[in-house]
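S.K.: Residue-level listing of the chains:
There are 2 protein chains.
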Amino acid sequence: MKSPRIVIVGAGFGGLQAAQSLANSGADIVLIDRHNYHTFIPLLYQIATSQLEPEYIAYPIRTILRRFSAKRHTRKPKVRFCMAEVQRVDFSAQIVETNRSAIAYDFLVLATGCQTQFLGVSGASEHAFALKTLEEAITLRNQILSCLERASQESNPLRREQLLTFIIVGGGPTGVEMAGALVEMLQSKLRQDYPSLNLEQVRLILVQSGDRLLANLPKKLGVYTYKRLRQLGVKIYLETKVSQVTQGSVHLENHEVIPAATVIWTAGLEANPPETSEELSSAKKGKLLVHPTLQLLEQPNVYAIGDLAYVEQKGKPLTGVAPEALQEGVAVARNIQRQLQGKSPKPFKYFNKGRLAIIGCYSGVGKIGGWAFTGFLAWLMWLGVHLVYLPGYRNRLLVLLTWLYTYLMGDRAVRLIISGKNVKAQNYQALPQDKLDFFQESQSK
Amino acid sequence: MKSPRIVIVGAGFGGLQAAQSLANSGADIVLIDRHNYHTFIPLLYQIATSQLEPEYIAYPIRTILRRFSAKRHTRKPKVRFCMAEVQRVDFSAQIVETNRSAIAYDFLVLATGCQTQFLGVSGASEHAFALKTLEEAITLRNQILSCLERASQESNPLRREQLLTFIIVGGGPTGVEMAGALVEMLQSKLRQDYPSLNLEQVRLILVQSGDRLLANLPKKLGVYTYKRLRQLGVKIYLETKVSQVTQGSVHLENHEVIPAATVIWTAGLEANPPETSEELSSAKKGKLLVHPTLQLLEQPNVYAIGDLAYVEQKGKPLTGVAPEALQEGVAVARNIQRQLQGKSPKPFKYFNKGRLAIIGCYSGVGKIGGWAFTGFLAWLMWLGVHLVYLPGYRNRLLVLLTWLYTYLMGDRAVRLIISGKNVKAQNYQALPQDKLDFFQESQSK
Chain A
0 MKSPRIVIVG
10 AGFGGLQAAQ
20 SLANSGADIV
30 LIDRHNYHTF
40 IPLLYQIATS
50 QLEPEYIAYP
60 IRTILRRFSA
70 KRHTRKPKVR
80 FCMAEVQRVD
90 FSAQIVETNR
100 SAIAYDFLVL
110 ATGCQTQFLG
120 VSGASEHAFA
130 LKTLEEAITL
140 RNQILSCLER
150 ASQESNPLRR
160 EQLLTFIIVG
170 GGPTGVEMAG
180 ALVEMLQSKL
190 RQDYPSLNLE
200 QVRLILVQSG
210 DRLLANLPKK
220 LGVYTYKRLR
230 QLGVKIYLET
240 KVSQVTQGSV
250 HLENHEVIPA
260 ATVIWTAGLE
270 ANPPETSEEL
280 SSAKKGKLLV
290 HPTLQLLEQP
300 NVYAIGDLAY
310 VEQKGKPLTG
320 VAPEALQEGV
330 AVARNIQRQL
340 QGKSPKPFKY
350 FNKGRLAIIG
360 CYSGVGKIGG
370 WAFTGFLAWL
380 MWLGVHLVYL
390 PGYRNRLLVL
400 LTWLYTYLMG
410 DRAVRLIISG
420 KNVKAQNYQA
430 LPQDKLDFFQ
440 ESQSK
Chain B
0 MKSPRIVIVG
10 AGFGGLQAAQ
20 SLANSGADIV
30 LIDRHNYHTF
40 IPLLYQIATS
50 QLEPEYIAYP
60 IRTILRRFSA
70 KRHTRKPKVR
80 FCMAEVQRVD
90 FSAQIVETNR
100 SAIAYDFLVL
110 ATGCQTQFLG
120 VSGASEHAFA
130 LKTLEEAITL
140 RNQILSCLER
150 ASQESNPLRR
160 EQLLTFIIVG
170 GGPTGVEMAG
180 ALVEMLQSKL
190 RQDYPSLNLE
200 QVRLILVQSG
210 DRLLANLPKK
220 LGVYTYKRLR
230 QLGVKIYLET
240 KVSQVTQGSV
250 HLENHEVIPA
260 ATVIWTAGLE
270 ANPPETSEEL
280 SSAKKGKLLV
290 HPTLQLLEQP
300 NVYAIGDLAY
310 VEQKGKPLTG
320 VAPEALQEGV
330 AVARNIQRQL
340 QGKSPKPFKY
350 FNKGRLAIIG
360 CYSGVGKIGG
370 WAFTGFLAWL
380 MWLGVHLVYL
390 PGYRNRLLVL
400 LTWLYTYLMG
410 DRAVRLIISG
420 KNVKAQNYQA
430 LPQDKLDFFQ
440 ESQSK
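First to last, the protein sequences are chains A and B. Position one of the first sequence corresponds to residue 0 (numbering that gives the first Met the number 0), numbered consecutively onward. Position one of the second sequence corresponds to residue 0 (numbering that gives the first Met the number 0), numbered consecutively onward.
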């Protein structure tokens with residue numbers, strides 16, 4: 000009898016975990032991803048702020064798959080990898096169509112995650128910088144460094160201010176981490192390298208639509224984060240929405256216009272499902288509805304996990320963090336194996352180990368069980384936990400060494416403006432003369 | 000009295016060395032480069048073959064400039080850096096015009112190096128991969144890895160062969176290094192990662208127009224290199240010229256057509272002078288003619304060094320290696336200081352410490368004084384010398400650790416297909432059906 004084929008689409012936290020949990024099941028496992036590497040998304044902001052090298056948090060999938068084969072001497076990976084873009088899933092034919100070939104499946108795990116959503120804000124998708132993929136993080140790094148270079152050559156003080164204004168839209172973990180990391184970056188030895196630049200002129204502005212930061216964590220932690228970021232010099236606008244992003248400025252709904260060469264968008268995410276032969280039921284933000292077993296409502300042999308799936312626990316939706324995807328990956332592997340044995344799949348139960356968020360400059364916030372805590376301990380725990388979850392000993396060692404270097408020497412090592420795929424800064428709209436006059440007047444008032 | 004301003008264009012080996020040698024001269028030094036980093040060009044081929052990370056051989060210029068200031072407590076770099084593209088030099092006004100601003104000079108050092116020249120071969124500039132800049136090296140890495148991924152999914156054996164054929168045009172040091180490094184790469188643990196791929200099918204072809212490899216070194220070393228590369232499985236065509244490169248094949252002047260998804264061009268270089276207000280006299284390959292003092296024939300206060308200048312020593316032109324540029328950087332600094340003191344500049348004398356080239360797989364060739372040697376010792380010396388010349392202790396340590404990892408574990412760590420700025424592989428022209436038939440026929444004959 001031919002062994003059944005299980006196809007997994009997406010090599011993020013959920014997809015990779017499912018592949019690992021299924022590796023020794025005897026089934027024929029095919030893992031598909033459009034990249035040849037797994038991205039450790041929680042550390043992307045450290046790429047954008049010149050702290051880590053892209054290679055440290057992106058791991059070649061084929062190297063990861065080596066570890067899944069228990070018998071080292073066979074040298075044959077138990078999971079096959081296929082680098083391709085999925086174009087369509089045909090449920091009736093049970094085929095995944097990619098840009099390279101069509102792959103038949105008996106069971107399918109969809110783990111294609113989510114992407115940045117610009118919430119319909121005019122100009123945001125063209126002019127704002129997202130921070131959800133490795134390439135976006137590199138592009139943002141290039142942008143930030145380019146702004147410093149250009150500002151150091153800009154004689155007009157208002158244009159210089161525009162180049163040194165960084166607006167972060169969104170007060171969730173990514174927005175908070177990015178704000179803190181930018182402060183850290185600009186307080187590092189970098190200052191000495193721009194003698195013609197007064198880095199006191201840098202303006203970091205965080206715009207949050209809700210009434211507090213880190214809305215998914217206890218209120219106390221959001222308040223602490225707010226105070227800490229303010230201390231660090233970040234200007235925070237709460238209950239404020241962005242109405243428009245242009246090439247060089249942000250318009251707020253209260254009609255304020257802030258000239259800024261860099262707008263970082265961390266405000267919205269939406270699920271990123273593949274095209275399918277039949278329409279699937281979805282919840283808000285395009286997340287696919289699934290049974291408690293993580294099976295699609297419509298297809299008993301197709302599962303959705305991670306940020307792609309709308310999963311509730313105790314009446315509340317899960318929030319889209321890595322541990323959820325990892326645990327779902329394990330659950331889905333177990334359920335498929337149960338189905339192969341003729342048993343019925345079991346509902347997924349999430350075990351919440353806690354939540355951590357890092358603010359930067361030696362502070363963070365965390366919640367474990369009923370215990371909410373802040374400060375240096377949370378900061379250290381955040382670093383430790385992320386180090387442990389990073390794939391590969393080599394990467395762990397390199398990241399640890401780099402962090403030690405960063406914090407002991409107060410320096411940033413990775414500062415190249417390279418492979419500037421679409422560096423928007425090159426084309427930012429500098430304030431024209433009449434606007435310069437206008438702002439100059441309004442400032443002197 | 001205002002201190003004189005010396006402007007240096009280009010932060011390669013020559014330009015950086017000139018800046019360092021002038022740092023404590025009391026003059027106002029401005030260093031201009033279009034990148035914010037210095038590229039250690041001799042190791043580019045290790046980027047292209049997934050051995051080193053781009054950040055290890057590219058060093059932020061502002062970080063290098065820190066070291067040039069002797070008094071650490073002043074914290075003010077003695078050399079100012081300006082990231083900009085030079086658009087024109089106006090000799091009569093003594094101004095360097097960049098895309099950002101215009102910079103006046105009293106003395107000017109041109110060190111803008113050279114770029115790949117495709118020798119008028121049709122299709123080469125569009126379809127062949129150059130290896131002269133960091134971005135080109137990353138693009139080539141992406142291409143090589145993409146070809147392996149695509150070949151592992153290609154069912155047609157001829158198209159697979161096309162994807163696995165790598166043609167290197169040029170038998171100088173870069174071509175030889177690239178050929179050897181590709182062999183090393185494909186013999187590493189990578190093999191295990193492509194179980195569906197028989198890497199014996201990989202074809203490496205080196206095409207050289209002359210009658211031997213490494214024409215700038217003693218004949219004996221070229222012969223050794225030829226034999227060694229043949230042993231390693233590289234097919235070498237001597238006295239063969241490429242007449243055309245298409246998207247997916249190479250045409251030779253002997254009318255042979257080789258289907259190949261990847262053509263690596265290391266055959267030609269030409270000087271890369273900035274546009275100037277007056278035409279400058281130049282030698283072949285666009286190199287600027289200079290006095291023995293390295294001053295331009297036309298401008299006594301403008302110097303040209305490195306690959307940009309045509310410099311003869313003992314009746315023979317210099318060959319364009321890093322030590323030449325470094326020594327010229329020192330000489331030019333000394334000559335400008337002599338001019339500032341009202342003395343006349345002195346002729347440049349090159350001290351040849353020797354030459355080394357690496358073949359890969361534990362072999363290299365070298366010539367020191369009259370002694371020509373080959374094998375493991377030359378290989379080890381090459382690694383050692385390049386490690387010593389690499390800027391920065393951090394980079395030296397990381398490169399050393401990576402080399403140890405590479406050679407002890409037989410693995411390649413850096414294998415990401417990222418920021419695929421213009422990955423030509425995506426669009427390579429796969430053999431159409433009629434050609435497939437043709438090649439199938441001709442092979443079966």
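It is worth saying that the hints were derived from the structure and are not from the lab. As the structure is a computational prediction, the values presented were derived from the model and not from experiment. In this text, a Cβ means the ideal position worked out from N, Cα and C, and glycines have one as well. There may be inaccurate statements among the hints.
To be verified - Listed below are several chain A residues computed to face chain B (Cβ distance under 10 Å; list not exhaustive): (1) Y55; (2) D192; (3) L376.
As the list claims (entries may be wrong) - Computed, partial: chain B to chain A, Cβ under 10 Å: (4) Y58; (5) T62; (6) C81; (7) I94; (8) E96; (9) Q243; (10) T245; (11) Q246; (12) M380; (13) R393; (14) N394; (15) Y404; (16) L407; (17) D410; (18) L415.
As the list claims (entries may be wrong) - Away from chain A, derived, C-beta distances all over 10 Å, residues of chain B: (19) H34; (20) Q86; (21) G122; (22) E238; (23) G319.
S.K.: A separate judgement is required for each hint: does it hold in the structure or not?
M.R.: Right, here's what the structure says about each hint:
{"no.": "1", "hint": "Y55", "verdict": "9 Å, holds"}
{"no.": "2", "hint": "D192", "verdict": "4 Å, holds"}
{"no.": "3", "hint": "L376", "verdict": "30 Å, violated"}
{"no.": "4", "hint": "Y58", "verdict": "9 Å, holds"}
{"no.": "5", "hint": "T62", "verdict": "7 Å, holds"}
{"no.": "6", "hint": "C81", "verdict": "6 Å, holds"}
{"no.": "7", "hint": "I94", "verdict": "15 Å, violated"}
{"no.": "8", "hint": "E96", "verdict": "13 Å, violated"}
{"no.": "9", "hint": "Q243", "verdict": "28 Å, violated"}
{"no.": "10", "hint": "T245", "verdict": "22 Å, violated"}
{"no.": "11", "hint": "Q246", "verdict": "18 Å, violated"}
{"no.": "12", "hint": "M380", "verdict": "27 Å, violated"}
{"no.": "13", "hint": "R393", "verdict": "6 Å, holds"}
{"no.": "14", "hint": "N394", "verdict": "9 Å, holds"}
{"no.": "15", "hint": "Y404", "verdict": "7 Å, holds"}
{"no.": "16", "hint": "L407", "verdict": "12 Å, violated"}
{"no.": "17", "hint": "D410", "verdict": "8 Å, holds"}
{"no.": "18", "hint": "L415", "verdict": "5 Å, holds"}
{"no.": "19", "hint": "H34", "verdict": "7 Å, violated"}
{"no.": "20", "hint": "Q86", "verdict": "14 Å, holds"}
{"no.": "21", "hint": "G122", "verdict": "24 Å, holds"}
{"no.": "22", "hint": "E238", "verdict": "37 Å, holds"}
{"no.": "23", "hint": "G319", "verdict": "24 Å, holds"}
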